[in-house]
Amino acid sequence: MATRVARPPRIGRIPIRDFRPLQPEARWPAKAVVGEVVPFAATVFREGHGLLFVELVLTDPSGAETRHRMTELEPGLDRWGVEVRIDTAGSWRYQVHAASDDWASWLHDADIKIPAGQDVELVLAMGAQLLGRPGGRLQVQARDALSDAKLTPAARLSVAHDPRLEAAIAADPIVSLDTVTPPLELRVERRAAGVGAWYEFFPRSEGAKRPKSGPRAGRWVSGTFRTAAKRLPAIAAMGFDVVYLPPIHPIGRTFRKGPNNSPEAGPDDPGSPWAIGAAEGGHDAIHPDLGTLADFQAFLKEAERTGLEVAIDLALQCSPDHPWVTEHPEWFTQRPDGTIAYAENPPKKYQDIYPLNFDRDPEGIRAEVRRIVELWIERGVRIFRVDNPHTKPLDFWEWLLGDIGDAHPDAVFLAEAFTRPPMLHALAGAGFQQSYSYFAWRNTRTELEEFLQEISGEDADYLRPNLFVNTPDILTEYLQFGGVPAYKIRAAIAATAAPLWGVYSGFELFEDVARPGSEENIDNEKYEYRPRDWAGAAASGRTLAPYLSMLNDVRRRHPALAQLRGLTVHRSDDDAVLVYSKHLDGRFTGSGAPDTVIVVANTDPHSVRETIVHLDLAALGLAPGERFGVHDEVSGADWIWSDTDYVRLDAFAEPVHILEVRR
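At position 49 of the sequence shown (counting the first as 1) the number is 49 in the working numbering, and the numbers step up by one without a gap.
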């Protein structure tokens, strides 16, 4: 007879499964940011009816270990969890320790059997035996009391419920069948990786002008870093944290695009900044119209002085004039006629842009991209918005983000990944700290409910959506035809639904005219200078800047809004009225009091809506039927609410309530 080889067990004595936080397939570590409250969870069960002891074992980057008792999240479903606020950046490890809770199991049975007179002496002897394990003085005294036949059974049982004994056993549990999972990694990054308000603008438009006299009379003169720096205090005053600049490099002249993406450019047309590279240099150079390296670093210093951090664009593509085209032709795709393939998204053609071919000399391309990123980091940049990452190989991004992250843990990369869900999620998993999302195209109540539940659920273990309301490429029909109410609605939802949100310059001026047949602004700033009359808009009141300031102020005052999780969708009787809340337990707010914000939004920018909203008070940390005060951060009004409340939202006045719950 053949000798049987024992198969090693794949499950512990106490089964522990379905961990969180965890990425799909556990291929890459789960992610968090400093200050985030992370829900740890696992499914833990055992045979029979014995009770369980379950705890989280956390090891911080320094190697220090802490233990956190886990509780059943929904009794009967075997799901256990605990929330922990993470306050240190670096690589954390977490494990789940489960065991048979022998004392709790005994006490549960004793509380049933002894009052019923069943097996009294045997049950008490079993309790004394458990207390006979090594323990402190209280356990010895309790063991002796349980064994003291001179006392009534009820008196002996009462000893087991002594609060002092309960505290001692909680500190040193009486358990067996210990099972510990292998460690899993939680990568914790700086706060800006997951919390912040972004503002995008083109430096060349700030200060751009047409002189009325002199050698450049009637011809465009580009704005510079020096003139653009004058805009920074106003951006900071609106409460933004990050100012993002489209590519600042020299722009190609061959096949340069003219206004509105026309194939012909005039002598004064600046071209698309994404057509990178010219005789003046490539990705490591600064467009001479913007100034010098010293001017750029002065811009960085002014941003820092006003409390802003600068993000620049990382667009791995070239104009036909880029130095790489002649120095490294092997980095591009050669067509049969000997020409280099330009970018296409049929029927669109981008003759001014050559994509890189990452499968030809991949090591050479990797070395050059690393050099470029390292160079800009040395120059003072720590945040990069990455253009079209979904058109580059995923393994390239895994390598680059891991390589740069090891050397510069404070580097942050935002993926402009408007693409299919598998690629979007994979880019986030492979290391991108932030991702653009489908938010711009989710506008109805139903669409938004599904979207908000998705981003605040299990995806939050690794995917951080940055809810941009518009971009140079995106002016949705909702904004084109929704007027001022649409702009308020979109900004309010983006600012309160996720810790990351952003606007592209011009949003606050309600620029809503699209180029025919497209979802982008007419006279698009990608192809021409677009100086704006900020002072005139402020004087006339035709600006959303005060509203944006209010939103960012609310975000800073409410720690619940800095958490991606903790979002609950509530009901309303109107299919256009969206209701959701953000709640953070008082253990994590810093003040000791819970922080709760309720958002009620009329998603129809063309109407007045009156309806009833229905709140899940448990999700707000409130008791069923409890009445509580709410303060509207938008209007300043105060009301008393309960679980069923009337609202009236006039899209032409204030289409959104942002309600602070006041207990």
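Everything labelled a hint here was simulated from the structure, so no lab data went into it.
Heads up, a few of these hints could be off.
[Stated by the list, open to error] Below are the EDC-like pairs computed for lysine to aspartate or glutamate, each with C-alpha atoms no more than 20 Å apart in a straight line:
| no. | residue 1 | residue 2 |
| --- | --- | --- |
| 1 | Lys392 | Glu344 |
| 2 | Lys150 | Glu121 |
| 3 | Lys348 | Glu449 |
| 4 | Lys348 | Glu121 |
| 5 | Lys348 | Asp523 |
[Unchecked claim] Computed spacing ranges between beta-carbons, pair by pair:
| no. | residue 1 | residue 2 | range |
| --- | --- | --- | --- |
| 6 | Arg371 | Pro346 | 47 to 55 Å |
| 7 | Gly592 | Ser62 | 21 to 29 Å |
| 8 | Thr339 | Arg17 | 31 to 39 Å |
| 9 | Phe45 | Ala149 | 47 to 55 Å |
| 10 | Leu77 | Ala149 | 37 to 45 Å |
Note that the Cβ used here is the ideal one computed from N, Cα and C, for glycine as well.
**Asked** Among all the numbered hints in the text so far, which are the ones the structure does not match?
**Response** 3, 4, 6, 8 and 9
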